[in-house]
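Visitor: Below, each chain spelled out in residue letters.
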Amino acid sequence: MGLKADELNVGDSYSEVIVEDLTRTQIVQYAGASGDYNPVHSDEKFVTEVAGYPTVFAHGMLTMGMTGRMLTNYVGDGRLTYYGVRFVNQVWPGDTLTARAEVSEVREEDGQTLIDLTISTTNQDEKFVLTGNATARVD
Amino acid sequence: MAVERFPVEASHILMFARSIGDSNPIYSDESHAGSTEVGSIIAPPTFAQASAQFDPDYFLRPKDGQKWFGSGGTASGTLVKDEDKDDSKSDDEKSGSSAGGLHAEQHFTYHRHLKPGDVLSAETKPGESWEKESKRAGVLKFSESITEYRDQTGELVVTARSVGVVTEKVIEQ
Numbered sequence: 001m002g003l004k005a006d007e008l009n010v011g012d013s014y015s016e017v018i019v020e021d022l023t024r025t026q027i028v029q030y031a032g033a034s035g036d037y038n039p040v041h042s043d044e045k046f047v048t049e050v051a052g053y054p055t056v057f058a059h060g061m062l063t064m065g066m067t068g069r070m071l072t073n074y075v076g077d078g079r080l081t082y083y084g085v086r087f088v089n090q091v092w093p094g095d096t097l098t099a100r101a102e103v104s105e106v107r108e109e110d111g112q113t114l115i116d117l118t119i120s121t122t123n124q125d126e127k128f129v130l131t132g133n134a135t136a137r138v139d
Numbered sequence: 140m141a142v143e144r145f146p147v148e149a150s151h152i153l154m155f156a157r158s159i160g161d162s163n164p165i166y167s168d169e170s171h172a173g174s175t176e177v178g179s180i181i182a183p184p185t186f187a188q189a190s191a192q193f194d195p196d197y198f199l200r201p202k203d204g205q206k207w208f209g210s211g212g213t214a215s216g217t218l219v220k221d222e223d224k225d226d227s228k229s230d231d232e233k234s235g236s237s238a239g240g241l242h243a244e245q246h247f248t249y250h251r252h253l254k255p256g257d258v259l260s261a262e263t264k265p266g267e268s269w270e271k272e273s274k275r276a277g278v279l280k281f282s283e284s285i286t287e288y289r290d291q292t293g294e295l296v297v298t299a300r301s302v303g304v305v306t307e308k309v310i311e312q
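Respectively, the protein sequence lines represent chains A and B.
For the record, in the first sequence the residue sitting at position 123 is 123 according to the working numbering, with numbers rising by one throughout.
When you read off a place in the second sequence, starting at 1, and then add 139, the result is the number in the working numbering.
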């Protein structure tokens with residue numbers, strides 16, 4: 001089930017808390033599933049003593065993946081035709097993130113009705129960690 | 140990166156969906172998925188990135204017989220040994236933080252969504268590169284790569300565009 005074009009307006013928005021109090025274990029879980037074992041995401045000794053960061057931080061792709069859940073919950077399964085983001089700030093253990101999508105356009109292309117969305121994910125300090133865009137097919 | 144064979148499997152999709160905290164049954168429950176317009180289990184939108192698991196040369200995975208740059212007995216398995224304090228070494232060689240740099244952007248265009256049973260191959264080509272000055276991290280060196288994922292019939296299913304950045308210094312918090 002997709003969204004219905006005739007019920008959508010530019011400026012409509014949807015948001016979800018995508019993670020509360022992000023754990024180091026979830027970051028490790030993502031490393032295992034994605035195959036990205038960069039020690040900056042899981043190795044406290046390496047990241048503090050060698051890389052020079054205060055602690056481990058999340059993969060950008062984990063934030064993109066969690067933000068994607070908000071998107072598919074909004075537009076429906078299998079409806080995305082494009083999803084792209086910029087990672088604008090790091091995400092740390094303990095962060096609580098809220099992802100938001102806003103309709104920027106409703107349009108027709110090749111006989112399909114599409115919506116363009118502007119996406120942003122912010123942390124508990126209302127700092128942007130991710131910004132982006134998506135396009136989805138609607139009914 | 141070139142991945143010759145990336146078999147998309149239901150158990151991998153389940154683990155990936157769990158890791159992003161997504162309990163949507165479209166990623167795990169065949170009978171539920173069969174009753175939706177999608178018609179089968181599909182993979183979450185960012186799943187193509189897990190092709191790293193099937194890239195034999197992927198440098199962010201420890202490999203048998205090779206030194207790993209994360210900590211073991213010491214903070215780093217390979218990087219920042221005494222001789223690396225030598226100024227003739229590039230920042231890349233000295234700084235653990237720039238081992239692979241940071242991920243700046245990621246874009247996916249979906250020609251169709253991935254599902255268990257797909258056997259993908261992926262070919263990556265370099266894109267543009269550029270530099271930018273930043274107050275928090277010094278000179279930023281960006282480079283783009285484009286990866287095309289094709290299924291077993293050769294059909295293009297996902298196009299990915301990735302931008303990586305290598306920072307001159309650790310980003311100030």
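Any given hint could be a false lead.
Taking lysine-lysine pairs in the PhoX-like style, the calculated list, with each CA pair at most 25 Å apart, reads [to be verified]: (1) B:Lys264 x A:Lys45; (2) B:Lys308 x B:Lys274; (3) B:Lys280 x B:Lys308; (4) A:Lys127 x B:Lys264.
Simulated restraints, written as ranges between beta carbons of each label pair [stated by the list, open to error]: (5) B:Thr217 x A:Asp110: 33 to 39 Å; (6) B:Arg251 x A:Glu126: 19 to 25 Å; (7) B:Gly211 x A:Thr23: 30 to 36 Å.
It should be emphasised that the hints constitute simulated quantities derived from the structure, not laboratory data.
Computed from a predicted model, the values in this text were never measured in an experiment.
All C-beta atoms in this analysis are idealised placements derived from N, C-alpha and C, irrespective of residue type, glycine included.
Visitor: If a hint holds in the structure, say so; if it does not, say that too.
Guide: Against the structure, the hints:
no.: 1; hint: B:Lys264 x A:Lys45; result: violated (34 Å)
no.: 2; hint: B:Lys308 x B:Lys274; result: holds (10 Å)
no.: 3; hint: B:Lys280 x B:Lys308; result: holds (11 Å)
no.: 4; hint: A:Lys127 x B:Lys264; result: violated (33 Å)
no.: 5; hint: B:Thr217 x A:Asp110: 33 to 39 Å; result: violated (51 Å)
no.: 6; hint: B:Arg251 x A:Glu126: 19 to 25 Å; result: violated (37 Å)
no.: 7; hint: B:Gly211 x A:Thr23: 30 to 36 Å; result: violated (24 Å)
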